[in-house]
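Assembly of the complex is requested from the two constituent chains, each provided in isolation within its own frame, with the hints serving as guidance.
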Amino acid sequence: MEKVISTNKLTKKFGNFIAVDSIEFEVEKGEIFGFLGANGAGKTTAMRMLCGLSRPTSGSGMVAGFDIASQQEDIKKNIGYMSQKFALYDDLKVWENLRLFGGIYGMKKKEIEDKTAQILQELGFEKERNTLAKLLPLGWKQKLAFSVSIFHEPKIVFLDEPTGGVDPVTRRRFWELIYRAVQRGITVFVTTHYMDEAEYCNRVSIMVDGKIEVLDTPKNLKAAFNAANMDDVFQQLARKATRINN
Amino acid sequence: MKQFLSFVKKEFYHILRDRRTILILLVMPAIQIILFGFAISTEVKNTPIAVFDPSKDDATRQITERIAANDYFTLVSELHSLDDIEKAFHTGAVKLIIVFSEKFLNNFMHTGEATVQIIADATDPNQASTFVNYVSNIINAWEMENAALVTQSQNNVQFGIVPEIKMLHNPQMKGAYNFVPGVMGLVLLLICAMMTSVSIVREKELGTMEILLVSPVKPLYIIMAKITPYFVLSIINLTTILLLSIFVIGLPVAGNLFILILLSLIFILVGLSLGLFISTLVKTQVAAMLISVVVMMMPTMLLSGMIFPIESMPDILQWISAVPPNRWYIEGVAKLMIQGVEAKYVIKEFIILSFMAIVLLTVSLKKFNIRINR
Chain A
178 MEKVISTNKL
188 TKKFGNFIAV
198 DSIEFEVEKG
208 EIFGFLGANG
218 AGKTTAMRML
228 CGLSRPTSGS
238 GMVAGFDIAS
248 QQEDIKKNIG
258 YMSQKFALYD
268 DLKVWENLRL
278 FGGIYGMKKK
288 EIEDKTAQIL
298 QELGFEKERN
308 TLAKLLPLGW
318 KQKLAFSVSI
328 FHEPKIVFLD
338 EPTGGVDPVT
348 RRRFWELIYR
358 AVQRGITVFV
368 TTHYMDEAEY
378 CNRVSIMVDG
388 KIEVLDTPKN
398 LKAAFNAANM
408 DDVFQQLARK
418 ATRINN
Chain D
4 MKQFLSFVKK
14 EFYHILRDRR
24 TILILLVMPA
34 IQIILFGFAI
44 STEVKNTPIA
54 VFDPSKDDAT
64 RQITERIAAN
74 DYFTLVSELH
84 SLDDIEKAFH
94 TGAVKLIIVF
104 SEKFLNNFMH
114 TGEATVQIIA
124 DATDPNQAST
134 FVNYVSNIIN
144 AWEMENAALV
154 TQSQNNVQFG
164 IVPEIKMLHN
174 PQMKGAYNFV
184 PGVMGLVLLL
194 ICAMMTSVSI
204 VREKELGTME
214 ILLVSPVKPL
224 YIIMAKITPY
234 FVLSIINLTT
244 ILLLSIFVIG
254 LPVAGNLFIL
264 ILLSLIFILV
274 GLSLGLFIST
284 LVKTQVAAML
294 ISVVVMMMPT
304 MLLSGMIFPI
314 ESMPDILQWI
324 SAVPPNRWYI
334 EGVAKLMIQG
344 VEAKYVIKEF
354 IILSFMAIVL
364 LTVSLKKFNI
374 RINR
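Chains as they are written, first to last, in our numbering: chain A, 178 to 423; chain D, 4 to 377.
Derived by calculation from the structure, the hints in this document are not laboratory data.
Among these hints, one or two may not hold up.
What the hints assert, rightly or not - Stretch by stretch, here's where chain D covers chain A in the computed footprint (C-beta under 8 Å, at least three residues):
1) 224-237
2) 245-254
3) 364-374
Predicted, not measured: the structure shown is a model, and the values here were computed from it.
Yeah, the Cβ is synthetic: ideal placement off N, Cα and C, and Gly gets one too.
Just chain D, same shape as in the assembly (with noise of 0.2 Å):
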């Protein structure tokens, strides 16, 4: 015991006295939590507009209030010829445009039809479709309300099956709530594979695993120490991550918190078993990173549901996707944190990690020991 925690101090030592890496694991979560959760939104804010408005009624005048006064757009300019129209989306000012008919809100009346024309910046595809569902919306709403309006005589009243969307668990549509899972999994993996696997085969690189094989410690302490400060690493991390979801992004854990953590673990658990995997399968320190990040991170961050959502993969991909790891905590937490599922319905993650877990750590548990005893 007294010989572990000497070994512990000094794998401490090893990470505090490395200013520069202790700073990046444990500022950069909380910056990829801030980054993906503000910065990167996917939800449309204040996005500069324009209207070309023609015929100035009061129609046309109360959907321009509607849609300056919303949240999402700002009303930049007012345009007054056509040929205005290219002009602000050549320089930039607007992302949207909203044309109206001429005699709008007469034709309204009158047929119960009228025109209106959205023009947008499709240069981001997704998020000019935002845009237009949005003011569509708007327009719609406008319309349905207005109904009255439209002379009866014209006896062509539409009936129509105007859906009712909602949006469940994440009802403003808020682009952090995926991303949460996603930066947890990840930010994880990183910590607890990489780290650990760099931090081993610093030592057979440096030739001090050789010194330490010669003294009577046993090799499976050597590993516990070294495992023990990334796992402290990792729950500083997850604890970080969890309070700033909570109260800077305002993402509640809906579901049980102890569910949550004792999922975590397991998935810590799985990194830093991976982390010896790796360890030792290579010789040197670069040849561990390469393998952490272009092996394992790459394929995890696109084949974890992180970015891509898995359900509309090829089918092979999506059987590919089932081995990260980081795939079946995502989901997990996903469901604890946003959906605020019971224990039950997390049983299948659960129980892949935990397998996950066994076979690597045995795996590279019996391998560690033919290296030695070769």
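Looking at chain A on its own, in the form it has when it is part of the complex (with noise of 0.2 Å):
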């Protein structure tokens, strides 16, 4: 199988603070890789270092064929990214939310157009084209936002925390555009703090303290730990942790 990320030793420092301690794994192309940790584990800095947001201080990694350290542009084009704090700009409309991105990535104008009419027919949106965004209900904007960040078909799309705050229902319509993403061969890198969200992933690894403590099947990890669910894993794996929680 293709790897489509992989990192060795990956560590960040900042002062003597060890965020992110010489992780190493791998992520196959059109996988859903569950990236999970309590807050603080240090998730967020390893994300950053993948998606060239920041530089690792020791350790090197490849995310879509090129060095985190030294070609992030080149990896820049070929992701999408989409956080939980981040779903649109609400003061512009739909479309123009998806004509903006489309021309960051330097898409084409009629690319853009055909691209626009087919994401809001998938979504059964073409009504709301028009509307602005902050009118939209969360669920809504959640679902238009990642299609906004695979609207330049990426070979790997980051995900953090992306459905927080909305209710199971609307999660559960969430995960079905995200599969249908992996249908398409988008490797989708996610982190969240739903265990439900977990036992949707193929593997899913768990930080604790910076390091990777466990990564498997969520099928594996659960008969490993001798628990019913996701839940229960992470709970036995996050009391280990000395880290303060902030």
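Next comes the structure, spelled out in structure tokens:
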């Protein structure tokens, strides 16, 4: 299988504080990779390095075939990113949000128009084309934000707690979109606090105090920890954390 | 380039969709200019005055007529007793009362001396002294013209030095002349520094900055795109202010308009860099606003010579006043607009402002990059 992400002793220090402690893992093409960990475990820092936002202190990593320390510009062209914090630009209309991100990724005008029509149709949002993003319900916004993050057909999409604050039904619908993207060959790298979502992932890693403590399929993890669900697995591991959660 | 344009478009949407802000940004400068130009005028016009004239001779009548005929004063009442004086002031009906002595003309003709008392409401001391000056001038003028009336036999013709005062550059002493450069400096700095810093920090606060940084757009493009709309707005405002001051207030640009615009462009650049700099220091929009207004705007207003003349400040404040960029801009604009000096007399202002722009821009771009690559 083709590896789209691989790291080798990837480390990030802030002064004496080791935020990410030589983590090593690989993600295969078309996989849904769950990147879990309590607050302050180092998930965000690790993800920032993979996205080319932050330089590793030591160690190395490859994302979409490019080196994270030296080829950040190439990485940025090949990834998508969505976070809970950012849904969309509230004061832009739905289609303007899509056009903006198409423009940012250098897509052609025609391409942007076709893709916009296609996405609105897929989501059933045709009527909302000219609606300001702030008027959409949160669940809709998140769906649209996800569509925006894969608008330019990236190889990998990084989702940083994408479903914060919505009900289980809406989350379920959101994950249907993720599966659809995976079918198109997009690799999904996702962090989440919801353990039911961890069950949807092909493989899951759990970070504790800057290190990756376990990495396996949800099924194997549950068996190894003799747990009924992923939440139980997570609780057992998180209890070992010595760092103060912020 | 295409990326850049989609960004600029987005920034314009942000501004244009925020109706209230755009209204404030475009209307505020006009209102300020008009307010400072007309309402908050330090000139005296149509001030209500009263006269107590027990003498009622030709001299007092002439003087009273002259004062009443003057644009600055309106004679509202003639008082009939000394007791009325206090009453008139208390009711607030008059700002100034002229009290002639008895037998005014008679005294003047025979002794060369006659007393007239000018009583002013000094609640606003500046205004009061302006009133008093006007009235004294009118009385002095009358005295000069009528010196011949004094009986020669008295033989006490006084030779006095009468200074002839000429108000250069602003002969009518219009308050607006002073304020136009001040308002220009304030408005441009407000739009450039405050709005730019708030709009950059807003993206940080909302988390959209992350998204932009993860995209292949160069950080420099993001910043340039943020700055562009405010640059355009500043130029619109500059035009409004200049047009208003020329056609409404009647303050012509005495010097070279081209040089004035060039100086303004450099000042706008300073403002934008300052906004960028502030945005690298803070994390929230509120903080950006506070820094812009409290830390920057207040000292700028107080120390730039807009309200208090720099020359009359204590030395230490004079030194500090060199820091706000407004001071140099206002000084330059005053020289160019009001005095109409040649370009070579504003070289100092040009150099200082350019220097500030370069330093601020370099420092903030560096800080911005460090923040990204931490």
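Results for each hint:
1. 224-237: holds (count 5)
2. 245-254: holds (count 3)
3. 364-374: violated (count 0)
Violated hint: 3 only; the structure is consistent with all others.
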